[in-house]
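Read top to bottom, the protein sequences are chains A and B.
Taking the numbering used here, the leading residue of the first sequence gets 1369, the next gets one more, and so forth.
Taking the numbering used here, the leading residue of the second sequence gets 11, the next gets one more, and so forth.
Some hints could be false.
Simulated pairs of lysine to any residue, SDA-like, Cα-Cα distance not exceeding 25 angstroms [stated by the list, open to error]:
id : chain 1 : residue 1 : chain 2 : residue 2
1  : B       : Lys45     : B       : Tyr174
2  : B       : Lys20     : B       : Arg106
3  : A       : Lys1378   : B       : Asp192
4  : B       : Lys65     : B       : Lys15
5  : A       : Lys1653   : A       : Lys1689
6  : A       : Lys1787   : B       : Asp67
7  : A       : Lys1689   : B       : Arg57
8  : A       : Lys1378   : B       : Arg106
9  : A       : Lys1787   : B       : Phe39
10 : A       : Lys1539   : A       : Lys1787
11 : A       : Lys1689   : B       : Ile180
12 : B       : Lys138    : A       : Ala1688
13 : A       : Lys1787   : B       : Glu197
14 : B       : Lys15     : A       : Pro1393
15 : A       : Lys1421   : B       : Thr130
16 : B       : Lys138    : B       : Asp181
17 : B       : Lys45     : A       : Ala1806
Hints listed in this document are in silico derivations from the structure and should not be mistaken for laboratory results.
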Amino acid sequence: MSHPRTLFEKLWDAHVVRAATADTPAILYVDLHLIHEVTSPQAFTSLRERAVKVRRPERTVATMDHSTPTTPRGKDGKIPVLDNAAAAQIAQLETNCRDFGIELHALGSEGQGIVHVIGPELGLTQPGGTIVCGDSHTSTHGAFGALAFGIGTSEVAHVLATQCLLQSQPKTLAITVEGQLARGVTAKDVVLAVIARLGIGGGTGHVIEYRGSAIRALSMEERMTVCNMSIEAGARAGMIAPDDVTFAYLEGRPRAPRGAAWEAAVAEWRKLPSDVGATYDREEKFDAAAIEPMITYGTNPGMGMAIGARVPAASNPTLAKALAYMGLEAEAPLLGHKIDVVFIGSCTNSRLSDLRAAATIFKGRKVAPGVRALVVPGSQRIKKAAEAEGLDRVFLDAGAEWREAGCSMCIAMNGDQLKPGQYAVSTSNRNFEGRQGAGGRTFLASPLTAAAAAITGVVTDARNLL
Amino acid sequence: MEPIKTFTSKTVVLPTDNIDTDQIIPARFLKATTKLGLGDKLFSDWRFSADGTEKPDFALNRPAAKGARVLVAGDNFGCGSSREHAPWALYDYGFRAVISTSIADIFKNNSLKNGLLPITVDAATHAKLVAAPGAEVTVSLEAETVTLADGTVETFSVDPFSRYCLLNGIDELQFLLSQEADIGAYETTMDRKSKKLESPRTE
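This is chain A alone, in the form it adopts within the complex:
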């Protein structure tokens, strides 16, 4: 019998086309390739230059999300063109998908949305598969027990042309979270706490498996939030073993197997969790009950703390530079710090449960004077579902903006952005300098914390508003 294997090892072994040799890395097969408008055009150019076709067009699915406007549609239903370069890039993806026979969920279609939101929504994201995309937050799909990681544009071309990648095998890191989360503490707080401990480079070279009772207790949407930010600790991927929660989410989705094929698939998927006795290269343990609502104070996602804590001392040049950029005083509290913008959205926190959580705070309250609050659903389907239960009215009545689906202010290349010097509480994943607009300053937090800040106009502990 073979040695006990981790979830990662099982997936890796099942997808090795040819093992690594002394001279060449392993060739790894890709089951599902997701593409979007920003990191794919040069890859298609590379295929055209070589007169190469897409090897398995049915294994690539495209959407438009990064550079697309999220401004509400005009009365005529038309999508406003805000930027000619972005419009050209979007048109290029349409051309590429048409020329190479790739399924496209285009802007304006009912399936459009953030690439990491629509994969799971369609049931394309399934346990046991390898999933790649020219986007670092591809780790999101690992929530289903898939091996999912971000790649560059050269590798997008590799996958289009050969359905394979050359890969060296990463190490494994178990993040075990045991116990029960306190009231008002969310999946976002869990992952921010993990990154705060590991540091932004702490997971480099590793694939994380999140495990333990607190992880098993999370819904699929919450698990996606956790896996999504694995890259913010430098990890290649994050994964969670599939279980009944996973199967219940997937069953009946448009692209999930049906009937006998479903039963057969579930039987296979049940074999995926790490074997008893399987070992990891490294392990970190967390006590769920000790995790507080988290917020970042600095310019990378590892610079996070409990919301009631004080900003650290500027003990090294990197921290000093971060605090200077953020305009924050060392050793001061963040609670009560004035903010200008609240952004609820992104592949981290734009799913229906995130919007519901935010709505519990917004309901019957008003956005503070002078604060701009954007609520941006992750997909057109989420938008529709939210509207069906009246969430859009809750946000609009409170004075927030209800937008079309897309990456929006997470990446600030679509018209949604901070002005220089503005402070935002954002449910997105990166607080890098200028990430949300040149000169903009970001505090990353959960949808609850973001919504609370929108209402009070300052950094607020949402537990006081629940």
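Please build the complex by placing chain B on the supplied structure of chain A, with the hints as guidance.
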């Protein structure tokens, strides 16, 4: 892609840790559909004021930095987004190597595919390089060495396959395309076992 073998260059130093790809090339410059001209936007928000003028204090803007092909940067260089525009911008600007104490995974992979050599050195060597901006170094990919201005020779390693490709100016796609037999055999086995992504295209 031109082969990299051995070259000598002065260095330019950005000692900050965790320089992310949003700093290397801000997202608003990712709307291009080609790789060309990104060097003009490299480190844009650090290099230029809002009015477009160069910030004189920024290392790349100092006269001594002109023509440098080796960037010495703080720990965990290239973290964050997977955008290959980051190595494209560095290469287009003129850089052929980045030296740090550690380099983020995706950025490293992307760099190796674009003629930009990611070099990891120990903290002591790094400290020497940081302390002497503009010093001449010789990088040899053949020998996998960096020779510092004081004559010290430090070694680094690049995975053998990437090294072969870089030394010969070969790209990895060509190699993968030549692996048809193995890929085809894998697909035949897999397709028999699994049809899970073959579900109807219409929803």
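- Item | Hinted pair A/Lys1539 and A/Lys1787, Cα distance within 25 angstroms | violated, 41 angstroms
- Regarding the pair A/Lys1421 and B/Thr130, is the alpha-carbon distance no greater than 25 angstroms? This hinted pair is violated, its Cα atoms lying about 37 angstroms apart.
- Task: Starting from A/Lys1689, check that the Cα of B/Arg57 is at most 25 angstroms away, please.
- Result: Given pair A/Lys1689, B/Arg57 holds - Cα atoms ~16 angstroms apart, limit 25 angstroms.
- Task: Compare the distance between the alpha carbons of A/Lys1378 and B/Asp192 with 25 angstroms, and conclude whether the hinted pair is satisfied.
- Result: holds, 20 angstroms
- Taking 25 angstroms as the top limit, are the C-alpha atoms of A/Lys1787 and B/Phe39 close enough? Roughly 17 angstroms between the alpha carbons, so the hint for A/Lys1787 and B/Phe39 holds.
- Message: Against the 25 angstroms threshold, does the CA-CA distance of B/Lys45 and B/Tyr174 hold or violate the hint?
- Response: holds, 24 angstroms
- Task: With a cut-off of 25 angstroms on the C-alpha distance, tell me whether A/Lys1787 and B/Glu197 pass.
- Result: Not satisfied, since the Cα-Cα distance of roughly 50 angstroms exceeds 25 angstroms.
- Query: Regarding the pair B/Lys45 and A/Ala1806, is the alpha-carbon distance no greater than 25 angstroms?
  - Reply: At roughly 22 angstroms apart (the allowed maximum being 25 angstroms), A/Ala1806 and B/Lys45 satisfy the hint.
- Item | Hinted pair A/Lys1689 and B/Ile180, Cα distance within 25 angstroms | violated, 40 angstroms
- Take a quick look at whether B/Lys65 and B/Lys15 sit within 25 angstroms of each other, Cα to Cα. Outside the cut-off at roughly 34 angstroms; violated.
- Query: Given the hinted pair B/Lys15 and A/Pro1393, is their alpha-carbon gap at most 25 angstroms?
  - Reply: Holds. B/Lys15 to A/Pro1393 sits at ~21 angstroms (cutoff 25 angstroms).
- Query: Do the alpha carbons of A/Lys1787 and B/Asp67 lie within 25 angstroms of each other, as the hint requires?
  - Reply: With a Cα-Cα distance of about 24 angstroms, the restraint between A/Lys1787 and B/Asp67 holds, given a limit of 25 angstroms.
The earlier numbered hints that this structure contradicts are 4, 5, 8, 10, 11, 13, 15, 16.
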